[in-house]
Amino acid sequence: MSENIYYWQKVVGNKSLTLELQKLKEVASRGFQGESDNYKQKLVYNLLETVRNNDQKEFFYILLKAANKPNENFKELWQTLQENYDVMPEEAFINFAYSLILGIMSTYSGGGE
Numbered sequence: 001m002s003e004n005i006y007y008w009q010k011v012v013g014n015k016s017l018t019l020e021l022q023k024l025k026e027v028a029s030r031g032f033q034g035e036s037d038n039y040k041q042k043l044v045y046n047l048l049e050t051v052r053n054n055d056q057k058e059f060f061y062i063l064l065k066a067a068n069k070p071n072e073n074f075k076e077l078w079q080t081l082q083e084n085y086d087v088m089p090e091e092a093f094i095n096f097a098y099s100l101i102l103g104i105m106s107t108y109s110g111g112g113e
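Just so you know, my numbering puts 3 at position 3 of the sequence shown, and the rest follows in order with no gaps.
Some clues are possibly wrong.
[Stated by the list, open to error] Restraint ranges, calculated between C-beta atoms of paired labels, are given here:
no., residue 1, residue 2, range
1, E58, K15, 36 to 46 Å
2, S36, G13, 23 to 33 Å
3, G13, K69, 20 to 30 Å
[Unchecked claim] Calculated lysine to aspartate or glutamate pairs in the DMTMM-like style (CA-CA distance at most 20 Å, straight line):
no., residue 1, residue 2
4, K69, E91
5, K69, E90
6, K40, E72
7, K42, E91
8, K15, E72
9, K65, D37
10, K65, E83
Treat the hints as calculated values from the structure; they're not laboratory data. Where is the CB? At the ideal position from N, CA and C, for every residue including glycine.
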């Protein structure tokens, strides 16, 4: 069975830059699974506002503040962010941000994949 994999890719010189958007979504989903819906709803609203304003600095500030918890699932999110942060050029910010936001939203009670 073939599964669609969503990613963003660009070739710069001889180097291929790739963001695995589905992986970002899944890691965000696992990280925020145990948080309350009210907390996640406020977080998503704030993150969407930064995307609307194309404010990457504020987006990462809010996201890192929210993920600053001693939780094994957040460690996976931190690692994934660290792996992808340097790869992500400015033009892929919206894809990156929406993947994380959709991952958080998929954990709402009654939500899911």
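Now for the hints, and whether the structure bears them out:
no., hint, result
1, E58 / K15: 36 to 46 Å, "violated, 29 Å"
2, S36 / G13: 23 to 33 Å, "violated, 46 Å"
3, G13 / K69: 20 to 30 Å, "violated, 38 Å"
4, K69 / E91, "violated, 29 Å"
5, K69 / E90, "violated, 27 Å"
6, K40 / E72, "holds, 18 Å"
7, K42 / E91, "violated, 26 Å"
8, K15 / E72, "violated, 32 Å"
9, K65 / D37, "holds, 17 Å"
10, K65 / E83, "holds, 18 Å"
Violated hints, listed in ascending order, are 1, 2, 3, 4, 5, 7 and 8; each of the other numbered hints is respected by the structure.
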